[in-house]
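Protein chains: 2
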Amino acid sequence: MANVTLIGAGSSAFSMSLLRDICLKPSLADSTLTLVDIDERRLNTAAALTERYSREVKSSLRSRAFTDRRKALEGADFVICAVKVGGYGPLECERELAGQHGYYRGIGDRVSCYYGGVGAYHQLAFFERLAKDMEELCPEAWLIQTANPVFEGTNYITRHTKVKAVGVCHGHLAYRRIAERLKLDLGRVSVQMAGFNHCIWLKDFRYEGHDAYPLLDDWIRDESKAYWESDRYEARVNEILAFSDDQMSPGAIDAYRLNGLMPIGDTVRSASPWWHHTDLQAKEKWYGPGGGFDSEIGWSSYLREKDAIQAKSLALSTSIGSLLPEYPPVPSGEQHIEIVDAIANDKEACLQLNIPNRDAVEGLPDDVLVEVPVLAGARGLQAIHVGSLPANLMNNVMIPRMLNMERILDAYVSGSREGLVLWLMNDPRTRSYEQAKGLIDSLLALPWNAKAGEHYR
Amino acid sequence: MANVTLIGAGSSAFSMSLLRDICLKPSLADSTLTLVDIDERRLNTAAALTERYSREVKSSLRSRAFTDRRKALEGADFVICAVKVGGYGPLECERELAGQHGYYRGIGDRVSCYYGGVGAYHQLAFFERLAKDMEELCPEAWLIQTANPVFEGTNYITRHTKVKAVGVCHGHLAYRRIAERLKLDLGRVSVQMAGFNHCIWLKDFRYEGHDAYPLLDDWIRDESKAYWESDRYEARVNEILAFSDDQMSPGAIDAYRLNGLMPIGDTVRSASPWWHHTDLQAKEKWYGPGGGFDSEIGWSSYLREKDAIQAKSLALSTSIGSLLPEYPPVPSGEQHIEIVDAIANDKEACLQLNIPNRDAVEGLPDDVLVEVPVLAGARGLQAIHVGSLPANLMNNVMIPRMLNMERILDAYVSGSREGLVLWLMNDPRTRSYEQAKGLIDSLLALPWNAKAGEHYR
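Note that the protein sequences, when read in sequence, are chains A and B.
In short: position in the first sequence from 1, add 8, done, that's the numbering used here.
In short: position in the second sequence from 1, add 8, done, that's the numbering used here.
Okay, chain A solo, but in the shape it has when bound (with noise of 0.2 Å):
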């Protein structure tokens, strides 16, 4: 048993998720599970489907929910942040000004959401200040990061804090796509990724023992166009989102001809070259129709998908009848109460997480928060050595990734706006010092950014 805190638990689908994982656990049962949210209208959704749904399964589990964070802290064995400050409104019209400044889709790892606005401003400071309470009301507890940027913001965390953090993401689970693409037997594939959080590359892709990469080149040669003009192709849907599937499209391709492995997952996107990015039409020649999950079209219809998920999460807790059919008892994919269960109960598990580097991979600093395939057990989290990744990967995409990371952070930990303009001065797209400046300082001058414009002077 464990106690396990939530904050940001109003997103009742990740809520469910965490709670079916849970429930799917005998040795987490008599466990606590304790959620949080400022949005009280959201938590209420949250713990009545919570509590409906213990019952139905016959959980021995607790459950509470406060909208004080400090409150739910005390006690805490972990705690699991996945908050996004403010919501998605206020960053869809950053990247409109953003756009008008000369940054198609706003500026930052090609998705501006993943950085909370300018600078990552609002979710780094709401990290600090959860890190401070966590030192204070508990200082044992392991911070399982799962709010973007976790690769800034859980590098933050470790650095900075006393606090036990670790990143989590569900990214790599598109590894899957392809052996599905390639027509492999799922029990038959192994692999290891390694990289960054939306920033991981297919260091070893095993089919039955042997390396797989062959079969993919095979169908790249002899099958990717005409998957590309198939139906297949255009009018791919997954669990919540209508738009090509960008893990198997040109793009991604591109990217492993370039860099000498296969990008997974979220870094099809957010790590691919920016010239695939520089308008809807490339994006399309490379995502596919619609342009990709970034898109002005691919990323309404996910914020559409979120706000319809939401909107049934309400409706079903206030229904009567069973809540099985839309939480099934399976795994979720996620992997934060398999982490859980291997420190509470020792149950040693090879997860795919981010922890400060320590030469896991080589040519990295070791104070560099990496995702690889880490042993998680009752002695804590052990990473992989995954050995070095290819020279043009390297060069080209981890590195320069990285110095956006310390730039970001350097820029936060030290409040200097000029840290931002240099940060953007190394966008492909800056063609003047006073038009990077004019877009930071327009930014920072937006009503809800007040705080952040105190912060960097």
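I should point out that these hints are in silico values taken from the structure, not numbers from a laboratory.
You can take every hint at face value.
Pairs count within a copy or across copies, as identical chains cannot be separated in the list.
With a Cα cut of at most 25 Å, we get these calculated SDA-like pairs of lysine to any residue: (1) LYS92 - LEU454; (2) LYS445 - ASP435; (3) LYS233 - LYS445; (4) LYS445 - ASP287; (5) LYS459 - GLY107; (6) LYS170 - SER396.
Starting from the known structure of chain A, arrange chain B on it as the hints suggest.
Below, chain B alone, put in the same frame as chain A:
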């Protein structure tokens, strides 16, 4: 005494600098200076001057001259490489071609010539051949590598051959121009500089033992504007060049403001931010009338002066009378002979040299060549640990510059044309993949790049 072989001796001015330095060292009396150049006429000029000068100063130095490099390497203790393959003409054509593709003043580290043309191919290929000859003919000799690109070229040799190599430049002496401008007694100034060749920063600056940066800050606040408007700034003429004092230019001061340390010497132009260099107007704003050393004005003046000096050497070599007025017996300021004397005769000296990092500069890999203070003596070359550089400098200048070195070396080692294109994709002026690929293909199709065109497939 030592056997010193100078490859690329046809530049008489440089050969005479080394000769003067040798003749000034009693501990190097009875040494042998072997001059090598494939241009027989220039070699003969240098040889004639060398012989006459040695006689005139009553030196017991022995001198020889060869057009065949291999003969000159036998028995060498020190090999000084000052070769510029193909001269400057082709580079001017490459620069013009780059301009037509949207790259004002060429590609590369602000000054395309540093790279010996596209990918630095000609220089790197020469360094490789020279190092192989040395491994065979004088495996114990030191290679004193002073040909550009010093950073890429010397790093290639230290990584891929068994030759003991050190990179040498004189750019660091420009710190004296700061002292002069601040009206400091040079004898009471002490400095330490660190970085990469052509990317070095005034890490420590003292006057009478105390931090002298406040004196520089005072000058910037109180005197810089008047200086930049004065004739002293505009009309400054150093030893060979007629253009503004870039060491104390607005561009240098802006780089200091952005990075926290003052750039020194060539750094001012090669490591200053790209937005200082977008066109002649920008260059004149930041580097004064004429736009600094690398503009169409400054660089033409440099090439004209080079020709004039060589013509003068030729005239001197056939004249009668003393050479001392032209080559006064005072140290040249070059460090090559200091290294020879330190290693051959254990005359310990602290020099500013380029050797593999091994943690002299924190946060850079061990196998990257850094330019730092080095203790030279019979036990070899030992870097002095200088510690860390400011975060902005590391994130926005040092590591991006290191990545360009890595890209260039990796493209050379793997013979990858795509590697060159990817390197150019990081140039802030690149607007599309096609633009970069178009330029690389055009450059590699030039007649003098036939071998390079075959190498980069």
